[in-house]
Amino acid sequence: MNPGFCQSPTQTLVRVRGLGKTFVLHNRDGVELPVFSGLDMEVAAGECVVLSGPSGCGKSSLMRCLYGNYAPSAGTVELRHGADWLDLSAASPREVIDARRRSVGYVSQFLRVIPRIPTLDLVAEPLRRLGLARTLADQQARELLERLALPERLWHLPPATFSGGEQQRVNVARGLIAPRPVLLLDEPTASLDAGNRQIVVDLIGRARDRGAAIIGIFHDAEVRDAVATRSFDLGPYRPDRTLEEAAS
Amino acid sequence: MNSATAASALDQPPMSEQQGGYNFGFLDEQTKRHIRRALLKAVAIPGYQVPFGSREMPLPYGWGTGGIQVTASIIGRDDVLKVIDQGSDGTVNAVNIRRFFARTTGVRTTTLTAQASIIQTRHRIPEKPLRDGQILVFQVPMPEPLFRLEPRRAQTIKLHALAEYGLMSVRLYEDIAQLGAIARTYDYPVQVNGRYLMSPSPIPKFDNPKLNMSPALQLFGAGREKRLYAVPPYTPVHSLAFEDHPFEVQRWEQACGLCGSADSFLDEVIVDDAGKRLFVCSDSDHCRERSLAGHQPAAGVQPDDAVTPPVEASA
Amino acid sequence: MNDDTLLSVRGVGKRFGARWACRDVSFDLHPGEVLAVVGESGSGKTTLLNLLALRLALDEGSVHYSPRPDGSSPGGLRDLASLSEARQRLLSRTEWGFVDQHPRDGLRMAVSAGANVAERLMLLGGEHYGRLRATARDWMSRVELAEDRIDDLPSRFSGGMQQRLQIARNLVTGPRLVFMDEPTSGLDVSVQARLLDLLRSLVDDLGLACIVVTHDLAVARLLAHRMLVMKDGAVVEAGLTDRVLDDPHHPYTQLLVSSVLMP
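Chains as they are written, first to last, in the working numbering: chain W, 1 to 248; chain C, 1 to 315; chain S, 1 to 263.
Since the hints were made in silico from the structure, they are not lab data. Note that the structure is predicted; figures quoted are calculated from it, not measured. Some clues are possibly wrong.
One side only, chain S facing chain C, incomplete, derived with CB under 7 Å [what the hints assert, rightly or not]:
1) 31
2) 86
3) 88
4) 111
5) 114
6) 115
7) 119
8) 123
9) 127
10) 128
11) 129
12) 152
13) 153
Covered by chain W, according to a simulated footprint, are these stretches of chain S (three or more residues, beta-carbon under 8 Å) [said to hold, decoys possible]:
14) 215 to 226
15) 231 to 243
16) 250 to 258
Virtual Cβ for every residue (Gly too), placed ideally from N, Cα, C.
Take these sequences, add in the hints, and give me the full structure.
Right, here's the structure in full:
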């Protein structure tokens with residue numbers, strides 16, 4: 001296990017400065033779709049920041065920028081990576097991959113994994129990538145899947161045929177199993193019933209308590225209230241708002 | 001020129017070298033010099049195929065033009081020439097080639113291996129161990145050992161240059177995998193002086209061990225392919241194989257029906273219309289020598305009447 | 001360029017007459033990294049692959065490779081053009097692999113599966129038939145081919161199996177860098193899927209660096225950490241695979257991504 005992230009509670013782990021994202025659709029005559037601009041944000045160890053704002057305001061886009069999946073149009077996204085800061089927006093692919101391996105985890109709404117790999121292997125993989133021996137990694141994966149109440153008979157099957165809730169639990173397991181300093185959670189409890197939601201809430205709480213910096217999108221108010229330490233509103237960074245403010 | 005003290009019945013008076021207008025040894029001096037230069041290069045790089053300007057010879061390709069050109073280039077007045085074909089001095093080819101040289105050089109010819117200074121051969125090495133000072137000239141149809149595996153000359157040149165001979169190993173592996181053993185029984189590939197892969201010409205693999213560390217100079221000529229190569233005396237020549245499938249020579253259950261030899265290469269001969277078979281030495285000189293020395297075939301074996309061809313005088 | 005850079009490509013280009021088939025391509029590759037080179041026909045991706053694998057001569061630029069340290073020569077990047085042909089050929093047979101698009105181009109069709117797999121070992125001096133055969137069997141099973149088919153000719157295998165055979169043939173010397181030219185094209189979809197799974201697990205298990213040319217974005221997403229997108233001989237976009245596919249910037253990349261049919 002990685003002990004390096006038992007951070008002091010005030011240590012900043014995510015630092016976003018002047019972040020902007022605009023899509024340019026070249027195949028639609030170059031029409032520009034601005035999402036947000038001038039966004040500043042800092043998240044410290046032990047915080048769980050919930051992104052808020054109306055639908056379509058760029059919450060998921062911000063998450064993807066934080067993961068290196070989207071390239072920002074302006075500004076920087078810095079993550080605490082090992083002993084240093086890594087600017088994701090300027091990092092090489094292998095640096096981003098290394099950051100995803102060790103420092104930042106992502107749980108999305110949709111299970112997007114390599115088909116035909118059994119569930120247990122999927123869940124154990126992040127630990128194996130950290131160098132953990134297969135037997136240990138598998139052991140921890142089993143424990144986590146048990147905690148998430150995923151029936152054992154499913155563990156050797158690929159998740160493609162699972163129900164929505166089952167897939168989501170695999171998603172959560174894979175995203176949370178390796179203790180990384182930064183966690184990005186995009187609707188982690190989607191498709192889960194109340195009981196399973198609670199389990200995931202507990203897991204998130206634990207991650208937060210051990211010093212992870214968590215940024216999340218939670219539509220469910222109960223979940224939000226249970227895990228969040230503060231909220232971050234993307235409103236001020238929306239393109240029309242910015243124009244308005246500039247006009248005034 | 002004429003040795004009055006010659007003991008053998010084969011001594012003949014020398015012919016005039018202007019016989020029929022031919023130069024000594026048929027080829028002109030420039031050609032012989034060219035071939036000798038090529039031979040020197042071949043001797044300097046054992047097993048390496050040296051291209052040469054192969055001339056039109058008075059017999060078609062496939063009948064030994066390469067061997068003849070090599071012999072013609074090195075033969076001198078004091079040489080004694082033996083010519084064999086499949087071990088025999090008496091076949092049509094052997095007789096004709098021997099007569100050719102007798103006519104164009106006047107040089108002494110013989111069927112006795114021990115007496116010859118130059119032995120031109122097709123498809124066999126004499127049984128009698130050769131000695132320092134003898135030259136063995138092989139007739140070679142296809143000098144490239146990799147030809148069936150890689151027909152492109154440009155590629156094989158490169159493979160030889162880089163000593164990339166995995167292809168041949170693949171062939172031998174495949175033989176063992178499909179047939180249980182390496183299937184080559186003649187023209188068995190060898191590695192010369194630890195470097196070049198060489199075709200020893202279509203001699204039976206039985207003869208391959210004789211190539212190794214021979215006191216004789218071994219020269220190989222391929223007239224149609226226009227290449228020659230050489231194995232200098234006392235050169236290591238190693239037949240390819242695998243550690244766990246080592247090289248083995250052929251063995252017969254029978255012995256020679258004429259001289260009783262149990263360790264020479266045997267030909268199987270049908271001796272009558274009823275299909276009766278006899279195994280006899282392929283090397284006629286060897287067989288005759290043993291018979292004359294008193295060796296007998298094993299009891300119960302009937303020798304045939306017409307066997308060893310008469311020792312032929314040069315024409 | 002880091003200390004452990006495996007392959008360093010700078011400004012490589014190849015011309016056929018007046019037309020540049022590919023030009024000004026630069027990137028670094030590290031051990032264990034899989035790079036996909038994506039583009040349509042005529043984009044220059046296959047030319048690029050052949051240049052890097054020394055099958056074609058460079059007209060511009062340089063390719064540096066860091067050979068396996070063997071104690072006799074110093075480590076570090078060497079200009080491939082400075083190596084003798086013998087050294088280049090040895091390199092391509094020991095440290096590199098090349099999986100051709102059509103297995104018939106990458107296999108010897110006239111000899112058995114076992115001979116195909118063991119050939120490189122024989123080239124390197126392998127002289128023990130039994131051990132060569134055992135190694136061949138081992139690799140056949142690793143690529144999920146039945147070991148008892150070791151003496152079958154390649155023509156008796158299906159296309160997907162021939163491709164596996166080609167992969168085994170290349171991996172037997174433990175290469176560090178494998179070039180693949182459309183490894184799954186022409187195969188049935190289910191066969192493709194299995195082959196991709198195999199490639200993925202081999203790459204993972206063996207820590208292979210790969211350069212995979214493909215026109216199929218799904219193959220790139222599945223196998224590659226990074227991508228180059230090529231059009232008309234030039235690299236129009238490069239980066240992390242999921243970034244390029246999910247947030248394409250260049251017009252051509254956007255066109256490619258939006259053109260992919262979703263079942």
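Quick rundown of the hints versus the structure:
1. 31: Result: violated, 27 Å to nearest chain C Cβ.
2. 86: holds, 5 Å
3. 88: violated, 10 Å
4. 111: holds, 5 Å
5. 114: With a closest approach of 6 Å, the residue 114 of chain S hint holds.
6. 115: Constraint on residue 115 of chain S satisfied, holds at 5 Å.
7. 119: Check passed: Cβ of residue 119 of chain S comes within 5 Å of chain C, closer than 7 Å.
8. 123: holds, 3 Å
9. 127: holds, 5 Å
10. 128: holds, 5 Å
11. 129: holds, 4 Å
12. 152: violated, 10 Å
13. 153: At 10 Å from the nearest chain C Cβ, residue 153 of chain S fails the 7 Å test, so the hint is violated.
14. 215 to 226: With 3 residues close enough to chain W, the hint holds.
15. 231 to 243: holds (count 5)
16. 250 to 258: holds (count 5)
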